[in-house]
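Peer 1: Single-letter residue listing:
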Amino acid sequence: MTARRILALLLAVAVLVAPAFLTSGYVLFQLTSTAIYAIAILGLDIVTGYTGQVSLGHGAFYAIGAYATAILMANFDWPFWATLPVAGGASALVGFLIGFPALRLSGPYLALVTLALATAVPQILRAKALEAWTGGVQGIVVTPPSAPSFLPLSQDQYLYLCTIVVAFVLYLLADNMLRGRQRRAMIAIRDHALAAEAAGIDIARVKTRAFAVSAFFTGIAGALSAIVVQFVAPDSFSVTLSIALFVGLVVGGAASLPGTVIGALFVQFIPNIAEAANKSAPGVVYGALLVASLYLMPSGGAGALRHLLHRIRSHRPPTTETAKQGATIHVE
Amino acid sequence: MSRLLEVTGLHAGYGAGEVLHGLDFAVEAGGVTALLGANGAGKTTTLRAICGMLQRRGEIRFEGARIDAFATEDIARRGIAHVPDGRGTFTDLTVEENLRLGAYVRRDAAVAGDVAHMLDLFPVLRERLRQQAGTLSGGEQQMLAIARALLLRPKLLLLDEPSFGLAPLVVQQMFGVLARIRAESRIGILLVEQNAALAIDFADQACILESGRIALAGVAASIGADEQVRRVYLGY
Amino acid sequence: MNGFLHQVFSGLATGGVYASLALSLVMVYRATHLLNFAQGEMATFSTYIALTLTQAHVPYWIAFAITVLLSFALGIALERLLLRRMTHHTALAAVGVTIGLLLIFNALSGWLFGYTVKEFPSPFEGGGNGAVLGGLMSAHELGMVGVTLAVLAVVYAFFRFTPLGLAMRAAAGNPESSRLVGIRVGWMLALGWGLAAALGAVGGIMVAPVVFLDPNMMSGVLLYAFAGALLGGVDNPAGAVVGGFAVGVIENLGGAYVVGTDLKLTMALVIIVAVLVLRPAGLFGRVVVARV
Numbered sequence: 022m023t024a025r026r027i028l029a030l031l032l033a034v035a036v037l038v039a040p041a042f043l044t045s046g047y048v049l050f051q052l053t054s055t056a057i058y059a060i061a062i063l064g065l066d067i068v069t070g071y072t073g074q075v076s077l078g079h080g081a082f083y084a085i086g087a088y089a090t091a092i093l094m095a096n097f098d099w100p101f102w103a104t105l106p107v108a109g110g111a112s113a114l115v116g117f118l119i120g121f122p123a124l125r126l127s128g129p130y131l132a133l134v135t136l137a138l139a140t141a142v143p144q145i146l147r148a149k150a151l152e153a154w155t156g157g158v159q160g161i162v163v164t165p166p167s168a169p170s171f172l173p174l175s176q177d178q179y180l181y182l183c184t185i186v187v188a189f190v191l192y193l194l195a196d197n198m199l200r201g202r203q204r205r206a207m208i209a210i211r212d213h214a215l216a217a218e219a220a221g222i223d224i225a226r227v228k229t230r231a232f233a234v235s236a237f238f239t240g241i242a243g244a245l246s247a248i249v250v251q252f253v254a255p256d257s258f259s260v261t262l263s264i265a266l267f268v269g270l271v272v273g274g275a276a277s278l279p280g281t282v283i284g285a286l287f288v289q290f291i292p293n294i295a296e297a298a299n300k301s302a303p304g305v306v307y308g309a310l311l312v313a314s315l316y317l318m319p320s321g322g323a324g325a326l327r328h329l330l331h332r333i334r335s336h337r338p339p340t341t342e343t344a345k346q347g348a349t350i351h352v353e
Numbered sequence: 021m022s023r024l025l026e027v028t029g030l031h032a033g034y035g036a037g038e039v040l041h042g043l044d045f046a047v048e049a050g051g052v053t054a055l056l057g058a059n060g061a062g063k064t065t066t067l068r069a070i071c072g073m074l075q076r077r078g079e080i081r082f083e084g085a086r087i088d089a090f091a092t093e094d095i096a097r098r099g100i101a102h103v104p105d106g107r108g109t110f111t112d113l114t115v116e117e118n119l120r121l122g123a124y125v126r127r128d129a130a131v132a133g134d135v136a137h138m139l140d141l142f143p144v145l146r147e148r149l150r151q152q153a154g155t156l157s158g159g160e161q162q163m164l165a166i167a168r169a170l171l172l173r174p175k176l177l178l179l180d181e182p183s184f185g186l187a188p189l190v191v192q193q194m195f196g197v198l199a200r201i202r203a204e205s206r207i208g209i210l211l212v213e214q215n216a217a218l219a220i221d222f223a224d225q226a227c228i229l230e231s232g233r234i235a236l237a238g239v240a241a242s243i244g245a246d247e248q249v250r251r252v253y254l255g256y
Numbered sequence: 120m121n122g123f124l125h126q127v128f129s130g131l132a133t134g135g136v137y138a139s140l141a142l143s144l145v146m147v148y149r150a151t152h153l154l155n156f157a158q159g160e161m162a163t164f165s166t167y168i169a170l171t172l173t174q175a176h177v178p179y180w181i182a183f184a185i186t187v188l189l190s191f192a193l194g195i196a197l198e199r200l201l202l203r204r205m206t207h208h209t210a211l212a213a214v215g216v217t218i219g220l221l222l223i224f225n226a227l228s229g230w231l232f233g234y235t236v237k238e239f240p241s242p243f244e245g246g247g248n249g250a251v252l253g254g255l256m257s258a259h260e261l262g263m264v265g266v267t268l269a270v271l272a273v274v275y276a277f278f279r280f281t282p283l284g285l286a287m288r289a290a291a292g293n294p295e296s297s298r299l300v301g302i303r304v305g306w307m308l309a310l311g312w313g314l315a316a317a318l319g320a321v322g323g324i325m326v327a328p329v330v331f332l333d334p335n336m337m338s339g340v341l342l343y344a345f346a347g348a349l350l351g352g353v354d355n356p357a358g359a360v361v362g363g364f365a366v367g368v369i370e371n372l373g374g375a376y377v378v379g380t381d382l383k384l385t386m387a388l389v390i391i392v393a394v395l396v397l398r399p400a401g402l403f404g405r406v407v408v409a410r411v
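Chains as they are written, first to last, in my numbering: chain D, 22 to 353; chain G, 21 to 256; chain Z, 120 to 411.
Hints are computed from structural coordinates only; laboratory data are not their basis.
Note that the Cβ used here is the ideal one computed from N, Cα and C, for glycine as well.
There may be inaccurate statements among the hints.
Some chain G residues close to chain Z (C-beta under 7 Å, calculated; not the full set) [as the list claims (entries may be wrong)]:
1. Arg97
2. His102
3. Asp105
4. Phe110
5. Asp112
6. Glu117
7. Val197
8. Ile201
With the rest of the complex left out, here is chain D:
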């Protein structure tokens, strides 16, 4: 590790931790929420951005994670950190189970099935049969963990820092996983499945594992949301959430880690800003930017930023080679 890298890392940590002490109240809550969305979108990115399996139902995994944590904490008095593996594991399991039939479904059909799943989730959560567990329409109130006594942190600060820590770990994990052969295999499957198969890649294995890992990440995000929002209810996990994650992915830039952060910022702040102008504006902005991204900025915000950085660094437009490296999703 070069000195430069260590410095960069320290800087990153400082930037991430700073808001806990520089902001408070609602703004801090929004930043916490952004971090959670980033993790959720990162999960979606793994399965959709990298492996090309379009999911319009990731809200379901988010809900599983959230409810797992809520139920364990509220009904069984588990400490939060203990619920994380369960939340992630449960989501991963469901993701794995969905991954198998998903193998047989090509792009739009998988999107349709996941959309149907996302639409069904609130109904299932409201079901009378499961009310004893889920709390039905009322949902479950969650008491978040407080900072340990030796840390002079407020509730908001503690929750923010916990979220950042989890996010940091998950992003490191993702970065490790999404490089080299693994990454190339996933992208090959996404873009040239026949060639990938001919090259000996076990498509089924990569795809189902991608689904499971993807669900794991988004499930963890859901678990975090349970303690940050301090409440879970069926209506929090409607189709809107799944679509928001999808839009965040595309606008931020698929197959890109920085893209997930951009997407999260987009999902967190744009609706609020837009809503101030007009109640319907968020929908229009989402839809318009989604379509615009697909046509004009196929690599999303991340791609645009990368392009910009190249130009600044080299004072000339990037060569086709670097442009090819930068561009991830091609609307050919």
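Position chains G and Z against the provided structure of chain D, taking the given hints into account.
Peer 2: Relative to the frame of chain D, chains G and Z by itself:
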């Protein structure tokens, strides 16, 4: 008298690779030009380039006017009918519907008469009018494809490997019909054939393609008579 | 027994709406190989236009006709202006574009027409519920079935017997050969989108008096329509119609006797998954060799 089809400096290709490297040839009104050569020489690519089905540059003149920037459907509307390799049958539609589509762009009253004439030329189609075109045999689909192309009342007919995969007797029948059509109308024909002997017999002019370039061109009969040329380029 | 029959006939009535929308989805799919996730929202938007016209005292059937024509034009415009530029799809782009349209139309409906739930007039009022067929259907439900069947018959006749319909079928099945006979394939695709949008409008206008009009009216209907289209075979128009009616009946019977009304949408999910896993081509569709 300007030629029916005049191609000058035709370059064409699929994506990054160029397949045709500057072709020059022509088809006279009422004449038959054969495009010969081995597999992969670029014969099918040439026909597709003329019809605007892939990236091309160069000059393509039809009845004196340039068509090299036109879209496929507009080229068809100008009177160029293309029987593609693989027949291009509308497999889900009936034989009758396939025929009707051949005359889709025509508004004149002679369509019904032309269809009847096609059924005379290709009696086997009359029996199968209501049948789904995809269920026809290879030879029957070839007949259907030619009939469909002729229903456009084209001035130029592009034929891509009409004998491909057909039994010799069927091929003979088909060329018999083609000869009859040629006698009846002043239609010009650009014929791509791997079966060189057949093509040379039928054509006035012949061009031999090799790796995207014209290696030899001239009167078909002369080329056919030249043993050395036949052995080197045409394999017989 | 009476209750059962009532559910069946009621299901047929809503099934007609699903059938219309399913046919829209199939038409778009056959032409452009897209699953149009926005079909429902477009239909809702059209229904709002119809409402605005009737509120401006335009006679019902004239408002109906105008709305259908405007929707037709809208569908064509969308295909020509937006979708033709996306000639190659990645799965992400293909899904993303119609999801984007879904969001835009949904928001437009809310913005231009408000979010309060509105009543929509029916031309079939004849003495309240259960007025006809010995109490098995309401007048409007019977009217729904009638209008749906009439419209579907017209569409069928169009495709079977007219040159333009033939050209559209040709363009959907074999675009390259279609160009070779001079068909302007791009416009045929646009027409497909136009017809689909028009059909959607009919469906929306028919169902609005029953479920009341708000920007999210069609979100459930769309899923049922997809289920119907898949059940019948997503490349088979006739199958889609049968599938739509079937789903309508299944929804009602299932909701009444099996899962209760709360879990009705979950049934749509189950149907969709079941079809795709067990028999992806649907009941009447063609099994196509899947490209990985």
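Peer 1: Next, verify each hint and record whether it holds.
Peer 2: Checked hints:
1. Arg97: holds (5 Å)
2. His102: holds (5 Å)
3. Asp105: Since chain Z brings no Cβ nearer than about 12 Å to Asp105(G), farther than 7 Å, the hint is violated.
4. Phe110: holds (5 Å)
5. Asp112: At about 5 Å, which falls below the 7 Å cut-off, the nearest Cβ of chain Z leaves the hint on Asp112(G) intact, so it holds.
6. Glu117: The hint holds - Glu117(G) has a Cβ within 7 Å of chain Z, the shortest such distance being about 6 Å.
7. Val197: Violated. Min distance 20 Å.
8. Ile201: violated (18 Å)
Of the numbered hints given earlier, the model fails hints 3, 7 and 8; all others are met.
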